[in-house]
Amino acid sequence: MNQSAKIIKPKLGLLELAKQLGNVQQACKVLGYSRDSYYRFKKLYEQ
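Here the sequence shown is numbered in full-length UniProt numbering, starting from 1 and rising by one per residue.
Hints were generated in silico from the structure; no laboratory data involved.
Be aware that a few hints might be false.
What the hints assert, rightly or not - Straight-line C-alpha distance at most 25 Å; calculated PhoX-like pairs for lysine-lysine:
| id | residue 1 | residue 2 |
| --- | --- | --- |
| 1 | 29 | 19 |
| 2 | 19 | 9 |
| 3 | 29 | 9 |
| 4 | 43 | 6 |
| 5 | 29 | 11 |
| 6 | 29 | 42 |
| 7 | 11 | 42 |
| 8 | 42 | 6 |
| 9 | 6 | 19 |
| 10 | 29 | 6 |
| 11 | 19 | 42 |
| 12 | 19 | 43 |
| 13 | 9 | 42 |
| 14 | 43 | 9 |
| 15 | 43 | 11 |
| 16 | 29 | 43 |
Said to hold, decoys possible - Distance windows between CB atoms, simulated:
| id | residue 1 | residue 2 | range |
| --- | --- | --- | --- |
| 17 | 4 | 42 | 12 to 22 Å |
| 18 | 23 | 2 | 25 to 35 Å |
| 19 | 22 | 2 | 26 to 36 Å |
| 20 | 43 | 4 | 14 to 24 Å |
| 21 | 47 | 10 | 13 to 23 Å |
| 22 | 37 | 5 | 17 to 27 Å |
| 23 | 45 | 25 | 17 to 27 Å |
| 24 | 25 | 2 | 27 to 37 Å |
| 25 | 6 | 40 | 25 to 35 Å |
| 26 | 42 | 5 | 27 to 37 Å |
Quick reminder that beta carbons are idealized off the backbone N, C-alpha and C, glycines included.
Given these sequences and hints, build the entire structure.
Here it is, written out as structure tokens:
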């Protein structure tokens, strides 16, 4: 696994967990990210 994959994988995990739970706040709390971070990751992912 290269360096980029190590950085990206946890962020994609956050997006996937939020989708599974149907709750962004809960997913962020479980994984220790802020909601602001979630929406930044989502915006980058959608580009």
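Any of the earlier hints contradicted here, and which numbers?
Checked against the structure, the hints that fail are numbers 25 and 26, while the rest are satisfied.
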